[in-house]
Each structure stands twice: as structure tokens, then as C-alpha cells.
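Student: Here UniProt numbering is used: position 61 in the sequence shown is 61, and no number is missing along the way.
Rather than coming from a laboratory, the hints here were simulated on the basis of the structure.
No residue lacks a Cβ here, since even glycine has one placed at the ideal position from N, Cα and C.
Take these hints with a grain of salt, some might be off.
[As the list claims (entries may be wrong)] Keeping only pairs whose Cα atoms sit at most 20 angstroms apart, straight-line, the calculated SDA-like set for lysine to any residue is: (1) Lys180 - Asp152; (2) Lys163 - Val173; (3) Lys34 - Asn105; (4) Lys34 - Asp133; (5) Lys58 - Leu131; (6) Lys82 - Pro165; (7) Lys82 - Ser181.
[Stated by the list, open to error] Ranges between beta-carbon positions, derived for each pair: (8) Ser188 - Val89: 30 to 36 angstroms; (9) Ser61 - Lys34: 16 to 22 angstroms; (10) Thr155 - Ser61: 21 to 27 angstroms.
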Amino acid sequence: MPDIEAEDKNISKEEQPEVSAPTEIGKPSEGSQKDIRWYVIHTYSGYENKVKDTLTRKVHSMGMDDTILQILLPLQDEEEEKNGEVKTVSRKVFPGYLLIQMEVNDRSWYVVRNTPGVTGFVGTTTKPIPLSDEEAERIINGNGQKAQPTTDVKTGDRIRITKGPFEDRTAVVLQVSDDKSKVKADISNFGTTTTIELEAGSFDLL
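With the hints as constraints, model all of the structure from the sequences given.
Tutor: This is the structure:
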């Protein structure tokens, strides 16, 4: 993956030309109250953390901490089963996007829009559209919902059930759901074969 910090080498002017701020976004008059809102910016895929770091440094160095308050990469913790172990991993909620809490004015728009790796604000061509407070809170807090555990087992794998009425029994995986949160498996039950559905996190790979 290219390094965003090497701005001139990795993102040419042809790829990311300098963009002029739209005339209808004007800098507030002196002494006016700042209109701080949450906005969404789009980045090159895989560049989210680099853009966040680069933009954070620019904000501090230019003394704009009172205009651009926060830059967030929304993450969600998920439980993932691998080699019989359940681990918690952080995944991007919206790959290719960052949340930014700021006042949009001529200067701040220019600084964000011309940061290497940023392709634009979410909104119209000339004016970013802010998120509502409810939308921003839902994205940042993830609605307080815990993600469903996932598994990396494949069809044909033998598993040992660790929870439920079939605990300690072995089974053979028949099918894995598209989101890898459940499997269907065959279990030998008193001389017959029964197909059961199991949730990720309730079995180990043998």
C-alpha cells in the first residue's frame, strides 16, 4: 500500500488536483458562533488511517483545532473464531469513509478537500451535507449493538460443539452462511444423522 505521507510521490497532481473552495461556502464573520456539525468525507480505499493522521497533523499545525474538532474512523468490534479460538477484531464500519466534526467555511473546506487521499465530502458538488445528530450518534456508538461472532470453518470440516444440548459432540459442516455467523452441520444421533444449525462461537474446529 502506498504511503500517503509521501504526498508528491504517491498521489500525483493528475490523480488529485488542487481544489478551490466553492464560493457559496463563506467564512463566518468575526465573532459569530461556529456552526460545528458532523460530516462524512470519502477517501481512497485503504487510506482511511493515513488520511486521518495526515489531516490531524495539518489541523494542529495550522491552529485550526477550534474549527475541526474530531476526525473519526468508525470501527466495530466483532468476535471471530479461528483455529478453535475466539478473538475480538476491529473492523471498519464504512470502509473508505471518515467522520469529521467541523465548521465548514472557506478555509476548513480547502484544508480537508486538498488533503492527500481525500476524494471529497459526501454531499453536493459545491456544499457538504451534514449528518443529523441522530445519524452521527448512531454511527459513532453503533446503536450499542454487539456484532455477531463469525467463523472461518469450511464445508467438510469436523467441529466439536461447545454449547447447547449437543455439547461435546462432533459434527461435520455442511454449509456456512454468507455472513459466516452460522453453520449447518450433520451430527450422528443414536444411529441416525441429524442436521442442526449452530451459531459461530458455539463450536471449535477439530
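Student: Run the distance test for Lys34 versus Asp133: straight-line Cα separation, threshold 20 angstroms.
Tutor: Within the cut-off at roughly 16 angstroms; holds.
Student: Note whether the CB distance of Ser61 and Lys34 lies within 16 to 22 angstroms or breaks it.
Tutor: 20 angstroms, holds
Student: Measure nothing beyond the straight line between the CA atoms of Lys34 and Asn105; if it is 20 angstroms or shorter, mark the hint as holding.
Tutor: 10 angstroms, holds
Student: For Lys82 and Ser181, compute the direct alpha-carbon distance and say whether it is at most 20 angstroms.
Tutor: 13 angstroms, holds
Student: Just tell me: holds or violated, for the beta carbon distance of Thr155 and Ser61 against 21 to 27 angstroms?
Tutor: At roughly 54 angstroms between Cβ atoms, Ser61 and Thr155 fall outside 21 to 27 angstroms, so the hint is violated.
Student: Decide if the proposed pair is consistent with the structure: Lys82 and Pro165, CA atoms, cutoff 20 angstroms inclusive.
Tutor: 23 angstroms, violated
Student: Checking one constraint from the list: CA of Lys163 to CA of Val173, max 20 angstroms. Satisfied?
Tutor: 16 angstroms, holds
Student: Is the hinted pair Lys180 and Asp152 satisfied, with a Cα-Cα distance of at most 20 angstroms?
Tutor: 7 angstroms, holds
Student: Given the hint of 30 to 36 angstroms, is the C-beta distance from Ser188 to Val89 inside that range or not?
Tutor: 33 angstroms Cβ-Cβ, so the 30 to 36 angstroms window holds.
Student: Could you grab the alpha-carbon distance between Lys58 and Leu131 and see if it respects the 20 angstroms cut-off?
Tutor: Outside the cut-off at roughly 23 angstroms; violated.
Hint compliance for this structure: hints 5, 6, 10 are not met, and every other hint is.
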